[in-house]
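J.: Listed in order, the protein sequences are those of chains A and B. Heads up: the first sequence begins at 61 in the numbering used here, then just goes up one per residue. Heads up: the second sequence begins at -15 in the numbering used here, then just goes up one per residue.
Hints were generated in silico from the structure; no laboratory data involved. Keep in mind the model is a prediction, meaning the values are calculated, not measured. Mixed in with the good hints, there may be bad ones.
Computed Cβ-Cβ distance ranges for the label pairs, DEER-style [what the hints assert, rightly or not]:
hint : chain 1 : residue 1 : chain 2 : residue 2 : range
1    : B       : A113      : A       : E636      : 44 to 50 Å
2    : B       : K14       : A       : E419      : 58 to 64 Å
3    : A       : K680      : B       : R35       : 35 to 41 Å
4    : B       : K42       : A       : E636      : 56 to 62 Å
5    : A       : R461      : B       : K14       : 18 to 24 Å
6    : B       : R35       : A       : S530      : 50 to 56 Å
Per the computed footprint, the stretches of chain A lying under chain B, defined by three or more beta-carbons under 8 Å from a beta-carbon of chain B, are [stated by the list, open to error]:
hint : region
7    : 436 to 450
8    : 584 to 595
9    : 609 to 620
10   : 623 to 637
Under the rule of at most 20 Å between Cα atoms (straight-line distance), these lysine to any residue pairs were calculated in the SDA-like manner [to be verified]:
hint : chain 1 : residue 1 : chain 2 : residue 2
11   : B       : K14       : A       : G79
12   : B       : K1        : A       : L718
13   : B       : K1        : A       : R508
14   : A       : K176      : A       : V635
15   : A       : K138      : B       : P61
16   : B       : K(-7)     : A       : P493
17   : B       : K(-7)     : A       : S172
18   : A       : K138      : B       : L12
19   : B       : K42       : A       : R508
20   : A       : K295      : A       : T690
21   : A       : K240      : A       : E285
22   : A       : K571      : B       : E56
23   : A       : K379      : B       : E73
24   : A       : K138      : B       : Q75
25   : A       : K491      : B       : R13
26   : A       : K634      : B       : I24
27   : A       : K571      : B       : N68
28   : A       : K698      : A       : K680
29   : B       : K14       : A       : K491
30   : A       : K138      : B       : P64
31   : A       : K176      : B       : K(-7)
32   : A       : K138      : B       : E73
33   : B       : K42       : B       : E73
34   : B       : K1        : A       : T174
35   : A       : K498      : B       : P61
36   : A       : K571      : B       : I24
37   : A       : K286      : A       : E269
38   : B       : K(-7)     : A       : R508
39   : A       : K498      : B       : L12
40   : B       : K42       : A       : K698
For each residue, glycine too, the CB sits at the ideal point set by N, CA and C.
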Amino acid sequence: MEEKQKKERIGVYICHCGGNISDYVDVAQMRDIAKNEDGVVVSKNVMFACADSNQKEMIKDIQGQNLDAIVVASCSPKLHLHTFRNVASRAGINPYNYTQVNIREQCSWAHSDTPKEASVKAAGLIRAGIHKVAYSEALENIEVSSTRAAVVIGAGVSGMRAAIALAKMGNQVYLIEKEKTTGGHVANLGKLFVTEQSGKSIAGSLLEEIKKITSITLFTEASVEKVSGSLGNFKVDVKTGTETLHLAAGAILVATGFDPYQPKEGEFGYSQFPGVITLPEFRELIDNSGETLIYNNRKIKSIAYIYCVGMRQTKGENKYCSRVCCTTAIHSSLLVHEKFKNVTAYHLYRDIRTYGKQEVLYEQSSKNGDIYLKYEEKTPPVVSQEGNHLVIKIKDELTRRQEMELETDLVVLVTGMVPRSDHEAISGILKIPAGNDKFYNEIHPKLRPVETVINGVFIGGSCQGPKNISESVQSALSAAVKINALTKNPTINLEPIIARVNFEACTWCGKCAEVCEYDAIHQLEMYGKIVASVNEATCKGCGMCAPVCPADAIDIAQYSNAEIEGMIDGFAQKVEISEEAGAEAAGGEGGITMKDMPQVWRRIASSLETDPKTIPALAKELDLNPELITYNLMTMNKYSLVEAAGMDDSDEYYFYKLKNLKHVEN
Amino acid sequence: MEKKHSRPKILVFSTDKISDPGIDQAGLRKIHYSPAVYVISLPCSSGIKPRWILHAFKQGFDGVFIAADGHECSYSPRCPELTNRIIEESQVLMKENGISPKRIRMAAICSVCAEPFASHMNNFTKILAELEE
Ligand SMILES: Cc1cc2nc3c(=O)[nH]c(=O)nc-3n(C[C@H](O)[C@H](O)[C@H](O)COP(=O)(O)OP(=O)(O)OC[C@H]3O[C@@H](n4cnc5c(N)ncnc54)[C@H](O)[C@@H]3O)c2cc1C
Ligand code: SF4
Ligand code: SF4
Ligand code: SF4
């Protein structure tokens, strides 16, 4: 890469973290080591770098001493990277001219057993941070314009409900359905758990509502052929009949749903014996029957439901539990008793998973006299036919694996949900990943449950994994809100940590474009030759393209050769730690004052000012977890800010009161 | 290698979202490992340039360890394959420079892999201390 202008007025802040760092790392020597590095003009120790008072002091330094970059050596960047980037911004320097050095999680705590070596390491880490920041570049967030429109793929309950929400929030919506009719699986269902409304009526009323909203355009018998562009400006080619439409959208929601598991030939006698049918087939039978339940011209007087068919296979492909089928089977059995008289039901299950409110259905089924027998995966029931009857052999776990034989008129295979057989078509076009179970994958199941790794492409409903209707609609609606948060502003800001090409060095060999999973690299004509160019909006900054370039013409912002090799040089420099200067006394110069304390301490202190409290009482009042309170209280105790004041009535917890802190300001 | 450090110096490349939080966990839980371990965190292990690895050896590091995301990588299922390729290329460079290819290692470290990380470091430290080449 080209020679960069190095930073020359760097400020370095080395945090005590109230003893968490300074008990093991000699922070005073760190300050002096940093001061002697090239380009450093300010080097300070601070009690708590994240405290408001220190943030203000940093801003004063930056402005007063005309600093051009800052380093904070403290806790993990996962905690405070953004805090200090904001400090930089507020002080008027570019937030990317800031480097956080982790001398707590990756130094003082990890090496609390060897404090002297911890100091040697901290010096290396801090020097590396100074070198990195010296080569750092000012970066601007990437602004892309956005179209106030969304494409929703799949008009099941998930897609329809999300389309309505998106339209009501002010988006133009294009709803794409591959079938002739809308509603997905729900449109074929009669009475549903738990509300007892019919599936047909729910699907019908959603369609009515969609027809009334002019900003939703519904395409049926339509398919997505191609998607280009990126967040804010997708171009979606949709084929309906012989026509291909080009739609413009800011974001895309995939709500393509699931397929019911289709048993293999001979699996529990399926498509071998006429009386063996799947759960969806059975639901159709119930809905289409009159007063009596008749299958194949036979009146059905007994039914065996075999659970977990195709699911929870420890050795097979579908390892997951389909979570909806237990409830669906039990609910179906209730529907049978409601509609037809004198039908005996046997449930051959592995575990019953009628979680949450659905448990009442299980209870009702037991009250109805349904018989529950439990089998193990290793010894599944065996179905055969004898005369007019189906015979099922089962080893019942509830009666010490006693072998039993049941005779029934019908066997219902309780099949679960699997990914759509054509799910790869959509994931191929949109480049969204699927998990081991082949359902589409979110970035993080707990923290980012409807986003995919592709900016602007969201997933909702049962295409993510087995879900009942309310769960499907919940995820689809949260995706709708997420999409609206993006499209509602005319421009969208993206992090600028992406690949850049050195056009002079690039010889367009195409290797970078070949490895990029996101199609972010294209040809461009520059200096009279063809070079590689990176699409700012689609590049993820993963860096895969960088090592494959034979000309070393690509790097990722913030991870340039100069920055990384500079860090390595920083680690490599020789460090002399003098023995006698041990860890600095608590509070450094002049003891600790209220305004230097972290937010949590101030909240604890404010609370203790009124009266002494126990740890559980503090946890409750401040709505923080007890471990966090204990940890902070113990550190405050160490610095004589609080003291124990007798036990509570149960003799279990100490009360704590303030010690050297009289007046608590906020 | 010119001189041997009393504790072998190890450079670790970790990843911002997965393995670096795992390494933080080790510290948080005060699970100790050699203090001569230095970590550089990147978006993805498939973005490590072999020249950085060579630079580390030339600057006196005794070993390089790649704490990769393995199949958890959120960028690409090809991450393990591409990271392997980087290691192979680095080993070629290392051999050309008289550095034993045994001085580079890789393992998948996840965001809660505190103990596995520490034990990888202890092992690698031991191996490097005994390594004659
Ligand atoms: C027998 C049975 C009974 C059930 N009973 C209940 C119940 O009582 N209560 C309950 O809460 N849940 C019940 N469920 C679960 C319920 O069916 C699902 O939760 C619900 O269907 C999920 O809706 P969805 O929109 O995510 O998916 P789907 O219903 O699968 O709809 C997806 C839609 O996307 C369309 N599509 C797919 N691929 C494409 C593509 N490439 N391009 C365009 N369009 C596409 C499909 O044609 C379909 O219209 C039952 C399930 C079964 C199998
Ligand atoms: S919900 Fe019940 S039937 Fe379905 S896979 Fe899970 S345990 Fe088996
Ligand atoms: S790999 Fe390097 S030289 Fe080849 S096209 Fe990409 S940037 Fe240019
Ligand atoms: S950094 Fe990743 S996403 Fe960006 S161009 Fe390179 S390979 Fe593609």
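J.: Measure nothing beyond the straight line between the CA atoms of K(-7)(B) and S172(A); if it is 20 Å or shorter, mark the hint as holding.
T.: holds (18 Å)
J.: What's the verdict on K1(B) and R508(A), does the C-alpha distance respect the 20 Å limit or exceed it?
T.: Distance ~13 Å between K1(B) and R508(A) Cα, so the pair holds.
J.: Need the status of pair K379(A), E73(B): alpha-carbon distance at most 20 Å?
T.: violated (38 Å)
J.: Taking only the CA atoms, is the gap from K1(B) to T174(A) under or equal to 20 Å?
T.: violated (28 Å)
J.: Take a quick look at whether K138(A) and P64(B) sit within 20 Å of each other, Cα to Cα.
T.: The hint is violated at about 25 Å.
J.: Verify the coverage statement for the region 584 to 595 of chain A against chain B, using a C-beta to C-beta distance below 8 Å and requiring 3 or more qualifying residues.
T.: violated (count 0)
J.: Verify the proposed pairing of K295(A) with T690(A), using a straight-line Cα cut of 20 Å.
T.: violated (54 Å)
J.: Holds or violated: K42(B) and E73(B), Cα atoms, limit 20 Å.
T.: Distance ~16 Å between K42(B) and E73(B) Cα, so the pair holds.
J.: Check the hint pairing K698(A) with K680(A) against an upper bound of 20 Å on the C-alpha distance.
T.: Status violated; Cα separation ~23 Å.
J.: Holds or violated: are the alpha carbons of K176(A) and V635(A) at most 20 Å from each other?
T.: holds (11 Å)
J.: Assess, step by step, whether the Cα of K138(A) is no farther than 20 Å from the Cα of L12(B), and give holds or violated.
T.: Answer holds: K138(A) to L12(B) is near 13 Å, not above 20 Å.
J.: Just to be careful, I want the Cα atoms of K(-7)(B) and R508(A) compared with a cutoff of 20 Å; is the pair within it?
T.: violated (38 Å)
The structure shown violates the earlier hints numbered 1, 2, 3, 4, 5, 7, 8, 12, 15, 16, 19, 20, 22, 23, 24, 25, 28, 29, 30, 32, 34, 36, 37, 38, 39 and 40.
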